[in-house]
Structures are given as structure tokens and as C-alpha cells.
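Visitor: In case you want the letters, here they are:
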Amino acid sequence: MECKVGDVVMPGNIIQEADALAKESKKVVLGNGLRLENDSAVSSKSGLLCKRKNIFYVDSYQKKYIPAKNDNVIGIVQSKTLEFFWVDISYSELAILPYLAFEGATKKNRPEINVGDLVYAKVVLANPDLEAELVCVDSTGKKGKLGELKDGLMFSCSINLVRKILNEKCNLLHLLSKECPYELVAAINGRIWINTKSLRATILLRDTILEAEHTAYNQMKDLVDRFATELTGIKI
Amino acid sequence: MLKMEADKEILNLKPITAEMNILSRSDGSVIITQGDSSCIVNVNGPTEVVSMANMDMNKAYMEVSYRPRCGIPGVNERYKEKIIKNICETVILTALYPKSQINIQIQEMDDGSGIFACVINACNVALLNSGIEMRSTMAAVHCVLDDKDNLIIDPIDYSDDTPTFSRIQKAVRNSKYKADFTFVFESLKESVISVNTNGNFTIHQYNNAQKLCKEASKKIFEFYCDLARKYANVI
Chain Z
-5 MECKVGDVVM
5 PGNIIQEADA
15 LAKESKKVVL
25 GNGLRLENDS
35 AVSSKSGLLC
45 KRKNIFYVDS
55 YQKKYIPAKN
65 DNVIGIVQSK
75 TLEFFWVDIS
85 YSELAILPYL
95 AFEGATKKNR
105 PEINVGDLVY
115 AKVVLANPDL
125 EAELVCVDST
135 GKKGKLGELK
145 DGLMFSCSIN
155 LVRKILNEKC
165 NLLHLLSKEC
175 PYELVAAING
185 RIWINTKSLR
195 ATILLRDTIL
205 EAEHTAYNQM
215 KDLVDRFATE
225 LTGIKI
Chain A
62 MLKMEADKEI
72 LNLKPITAEM
82 NILSRSDGSV
92 IITQGDSSCI
102 VNVNGPTEVV
112 SMANMDMNKA
122 YMEVSYRPRC
132 GIPGVNERYK
142 EKIIKNICET
152 VILTALYPKS
162 QINIQIQEMD
172 DGSGIFACVI
182 NACNVALLNS
192 GIEMRSTMAA
202 VHCVLDDKDN
212 LIIDPIDYSD
222 DTPTFSRIQK
232 AVRNSKYKAD
242 FTFVFESLKE
252 SVISVNTNGN
262 FTIHQYNNAQ
272 KLCKEASKKI
282 FEFYCDLARK
292 YANVI
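Residue numbers (this note's numbering), protein chains in the order written: chain Z, -5 to 230; chain A, 62 to 296.
It is worth saying that the hints were derived from the structure and are not from the lab. All the given hints hold, so there is nothing to weed out.
Computed list of chain A residues with no C-beta within reach of chain Z, every gap over 10 Å:
| id | residue |
| --- | --- |
| 1 | 73 |
| 2 | 208 |
| 3 | 272 |
On the chain Z side, residues computed to face chain A include the following (Cβ under 10 Å):
| id | residue |
| --- | --- |
| 4 | 1 |
| 5 | 7 |
| 6 | 27 |
| 7 | 36 |
| 8 | 39 |
| 9 | 53 |
| 10 | 60 |
| 11 | 85 |
| 12 | 86 |
Glycine is no exception: its CB is placed at the ideal position from the N, C-alpha and C atoms.
Here chain A stands alone, though its shape is the one from the complex (with noise of 0.2 Å):
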């Protein structure tokens, strides 16, 4: 079980580094790293649309291109598009820009732990420096569950093992986790807009990891804010 008093501890995100504008010709490019994570996203838009099936005469439409860091994209990447296109659409105020299109590009540079919750957090801070308006920022927290039922935020663990390849060698990685979650949360009421599950874990251990989870989350809002602040006094 879950003690809420040790989460100075617990609470320990991976550092977090961020370079803004790193694409000429983009609109609002970023990299971010994320402990043994990394990737780039960039933004453009709003852009005239490409094909005129997609012209949504009320709201912008949303592409988002998923690129992993080695090999073609598959099934899993369409997946992963999938999710960031219905989160990035919660936070994009897309009513302002009928009849056009936004596109989202995001390559992995290291796909380590997290990396998921690294792309979310990278496309936010890419929206916020292409100066798309935006209803609230967001910020994707990764927890996991160990074999003896301790959560762990953003572990860094295999720091020792050799870089992996293959989805085979990621997959027994993983295994040494009975769960993994990853949750997204907004800014203005700090609720929960998207949840990546995988394992077994039992209905309490989920309300627990949401809740270290959200604590965690406003370390990240605030990395936000010092990143504004820091930009706005450059330019």
C-alpha cells in the first residue's frame, strides 16, 4: 500500500530539459528530454487543408505523424497518433480555425521509460511555442507497479542494461512491472483527460497512482511556467 506522507521521495520526476524553436521553417518546433527519454515535435498550422475530405467547416483539423525512433511506423505508432490527436484536440480551442489544419509531427530520439509521457508533454510545450491558442496546457505523468506493489514515478532503472533494439527486448523489460500508467491531466481543474493503461493492478492501486500522479503533475506545470518565463525574457 500506498503511503501518501513519503512523496517528497516518491515524488522525484526525472529531470526535465526543453530547447524551443530547434526548426527554421516550423512553427513551433521543441525537443524535450526526459530522464533516458527524448523527442522532437513539430507544429505547424493553422495551414491550409491538403485534402478536402478532412475541411471541417466548424473546427481545425488535427493531424498528428508518429515516427519511432527506429523502423517504419505500425500499428502501435497509428495507436499513439490516435491518443495525441483526441488530447491535443481537448486542449486546442480548434473553433478558431474553421476550414484549416494542424499538423503535429513527433519523432523519438531515445525511446526509454516514459517516452509516451515524454510526447505528450513535448506537444504541449511545441502548442505553446507555436502560438496556437490554447483552453489550458496539459501534463502526461508515467507511474509503474512494481512486483511487490510499491508505485514508482518516472523510474529510471536500467541504466545498466544495454540500449534496446527490439520490441521483444522491451517487451521483458517491462516485465519486470506488473503495471504501467500513464496519465494526462489539464491546468484548469487538474482532471484527468486521458489514462494509458497496461497489466493487472486492482481498482484501489489505480486511484492511488492517480493521485501520486497529479501531485507529481504540478511540478511539470510549473516547469511550464518557468519555461515561459524564461523565453519571454530573451525575446
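Here chain Z stands alone, though its shape is the one from the complex (with noise of 0.2 Å):
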């Protein structure tokens, strides 16, 4: 069967324009829903076949997180060893997150994180053997975005809706930015935490969020209005 970008596969399905790329001895990367078997790129899930560059991966819906290398996921604090965190980031183990994964920390002057606590981390180790390794600091050292999350709510919703605001054709963040000031972390593990000053606009922001997973992108306008009008009870 003739496997198209665009087009929808179905698990085992072969990509023969992966294949015939990697044979003009052009490097090719198989993401998410693609992997290699007896020298052939082949699909393990349904969905769009997407191409990005030399990246073939699936677009297809996902609840599960199943982490991945360089991933920035949100983590609930479980419990506290000698040496690190025990992280739940929604699979089925829990992560590593070691004390000497945050800015400045040392063997002595520790993180002051407990037991509850969420941060937000990004995974350096993935492999479906070990448990998965997360860290708090960036490749030189700074803490950057990452650390942990205080005050606001975090809630936790399909991965696709995720993937969806990040997107670069969803407008949703940046005309929401414009209605009421917001800090927001959308990780890709399904969880999204949001702050703002009152508690009525945060609550009414996570329910327009999750309203958008079925909501076309020229929408998103609308769903804002209807926030907006929410919010400050005047009619636009």
C-alpha cells in the first residue's frame, strides 16, 4: 500500500518515501509512530503521516504519555530518597529527578522542594527499561523555564490538545495574552498549569483551554470573544 505525506496510515503500513530517502544515503529520522524493521521504515499507529525536513512522524491522538528524550513534562513530587525525586509525570513508573538537577545545587545546599510540589522538568533519559531521568537545568548550567511551578492550578487534558496550542497555526495563546495577563506551562505529557491574578480568571482560562481541543484554528477568535465577555461581563 502507497503511503503518502498527508496521508492517513495504519499500523504496518510501509513508508516508502522514508525509505526511498534513507537509500540516496540522506540521514532520515523516524518519530513518534514510525519505527524501523527489516530495513524499512513502518508505521505503528494511525494517523497523518507528517514530514518535516528529513522528520517522518504520526499525528495521531493520544491520552498516554510515553516519555521521550528532551520532552519538557510537568512532574508531581511523590516522595524524597538520599539522592533524588521521585517524579510522577503520568506513565506508568514514576521519574527520576536528582538533587543536583537544579541551579546551584550542591551536595550540601539542597532544593527546597516537598513532597506535593510540581515542577517542570525536561527528560534526558528515556528508555522503556529505566525508569525515565528528568532535569531542572539547561546545558549550561542556567535554570532557564524550568524549576518549580508555585501558586496557579495545573489540570491535565488530552496530549494532542497540547501539541495543538504550541502550535504555530493556533493563535489561541497570543489573542488570550491580550484579554487578561496569564502565565502559562503547556507540557507534553497532558498537563497544563496556568496563573493569573484572581482565582475566577484562572478557572474561566483552563475551561476555555480545554474548550479549544475541538475548536478549529480560524475559531479561536470566537472562543476569546466568549472568554472576554465571561470575564469582565461586558457584551462585544
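Hints in hand, dock the two standalone chains.
Guide: Next up, the structure:
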């Protein structure tokens, strides 16, 4: 069965385009939903086949998060041991977050994080046979945007919603920022954290973001208008 | 004897409808109606292994639970669970999810003819919906051999009957047929991955039934493609 980029693929379909590129001795990267079997690229999920530069991947619907290297995730600290925190990243196993993986942390100067706190971290090791390993610093040792998330509200959603609002084509976050100032962390493990000045705005923001899952890109404006009306009580 | 030329008529499958993502808290769920039978399937996973005895370091542990339409699950349901578990393990890439568990829950809604084929098709759609990596898709086709030795695919023939509740009534209903077959095919080589038969038949009749079901399974694979295409455009 012929599979082109932009078509729907089913598990077991062979991606000839990726094979052809690889034969020209060019580097091909197989992303989400694709794997190498008998020297050819084979899909293992159903969804749209997409291609960006030399990266092939399947855009599929998913609610369950499977850790992958370089993903930014929101975790909940479950317990502490001598060397590291155990963090729940909504996978079947807990992930490891070492004490030394924080900015400025030393053996004596430990980060002040307690059980139940939220951390925004990066996955550095993702192997199905081992526990995932997280860090809260970048390669230069700076924390950047990673680290503990204080206050605010965290909620779970499908992974597709996170991908959707992070997509360049989606102007939802930009439109929302004009109506109400807010802080937002959209983590690829299906968790979104938001913080605004008032509780009311936070809850409204959460509902608006969840509603965006089944809203088309060109209808985001209407969605944000409704949010503004609800927030301010002024009809537009 | 069967004539393959007439397969246009014979290969008419019962209409299939599916609705995905019907349960809010599951990873993948579907309700499938296939003529007079329908069922809900819910897939959760990979999750942590509940009992440490089932933990496998090399592959995911699969658990299937099957609820009948009425009454409590018994030996028959256990038998079906076992078969479904085996079939699902062939199509799922369980080696990708070591030390974890994949749960499949099946609830019969209407147990008409070919409910078992309907359940297997529903499992496949629910697995696709959950995003668990699979080797191939699978399609099940139900087929019967009537008392005049004709093979009928996916029969609908007791619309005039009152709904059947007891196992005895069901047995009476099924006694019209000499035999019934449920074949499960996988999409890669279209080879048989499971057969479930009842009654008396010759090897020749069996081979013919398999040929017919193989043709019919293509329609179900097309249905899966259409479903994925529709769904991809929505999200």
C-alpha cells in the first residue's frame, strides 16, 4: 500500500518515501509512531503521516504519555530519597529527578522542594527498560524556565490539545494574552499549568483552553471573545 | 458447494458503525455496532502492574475482562477473554512497554449473531484510539454454514424473533446452522491469526469459509482506514 505524506497511515504500513530518502544515503529521522523493521520504515500507529525536513512522524490521537528524550514535562513530586526525587509524569512508572539537577544545587545546598510540589522539567533519559530521568537545568547549568511551579492551577488534558495550542498555526494563547495577563506552562505529557491574578480568571482560562480541543483554528477568535465577555461581563 | 463468482451478494457485511472516545477517563474507548450486535471496549495502558507476580521485564502484561450483556461472567466469558488476550498480544508491540500492564475491558451491549467478531473489531479500534503501538491491524469476520450447506457471511436472520436472553434460547437459535466460524485476519499478509469454530463441517467447507471471510475482511480494513481518515480531519 502506497503511503504519502499527508495521508492517513495504519499500523503496519511501509513508508516508501522515507525508505527512498534513506537509500540516497541521506539522514532520515523516524519520529512518533514509526519504527525500523527489516530495513524499512513501518508505521505502528494510525494517524496523519507528516514530514518536516528529514523527520517523519505520525500525528495520532493519544491520551497516555510515553516519555521521550528532550520532552518538557510537568511532574508531581511523589517522594524523596537520599539522592533524588521520585516524580509522577503520568506514565506507568515514576521518573527520577536528582537533587543536583537544579540550578546552583550542591551536595550541601539542596533544593527546597517538598512532596506534592509541581516541577517543570526536561526528560534527559527515556528508555523503556529504565526509569525516565529528569533535569531542571539546561546544558549551561542555568534553570531557564524550568524548575518548581508555585501557586497557579494544574490540569490534565489530552496530548493533542497541548500539541494544538503549541502549534504555530494556533493563535489561541496570543489572543488570550490580549484579554487577560497570565502565565502558562503547556507540557507535552498532557498537563497544563496556569496562573493569573484572580481565581475566577484562572478557572475561566482553564475552561477556555479545554474547549479549544474541539475548536477549529479559525474559530479561536470567537472562543476568546466568549472568554472576554464572561470575564469582564461586557458584551462585545 | 460455494461459488466465488457470486461473492458480490455473499460478501454483504452487516453495516458497521463506530464511535470513538466515548469514555472520558479512559485512554482509548469505542462503541461498535455491527448489525444486531454491539459492544463497548475500553483500553487503558500502559499503566503500572497491579500484581507484582504479573510483572514482565521483557514485555507488557495484558489483562482482558469480558462482561456479558446480562448476568455475571462465567466460564464462557473466561474462554473468550483468553482468546482475545492471545489475539491482542499478536498485534500489539508488547515488547515496547516492559514492566507495564495494558488493560482491556469489554462490555457486551447486544449479543446478536457474530458478537465475537464484533468484539474483536471493537478491540482493534479501541487500541488504535489509545495510541498503543501495533504491529498490524486485525479484522474478524463471522460466517455460518446453514442446513443446505450454503456459506453465509455475517447473517442477520432473526429480526422477527423476540430478543433472546437465556443460553438455551441462544442454543436453539444457533441450531439452525450446521456450523459457524469466526476468522481473525491481520492486515500485513492477510493471514489468519485466530479461528473459532462450532459444529460439523468438512475440510473443504472450512477452506471455502476461510476464502470468503478473507475477501470480506478487506471491507473491514477499509472501514478502519475510513474511520482513521475521518478522525484525523476532526482533531
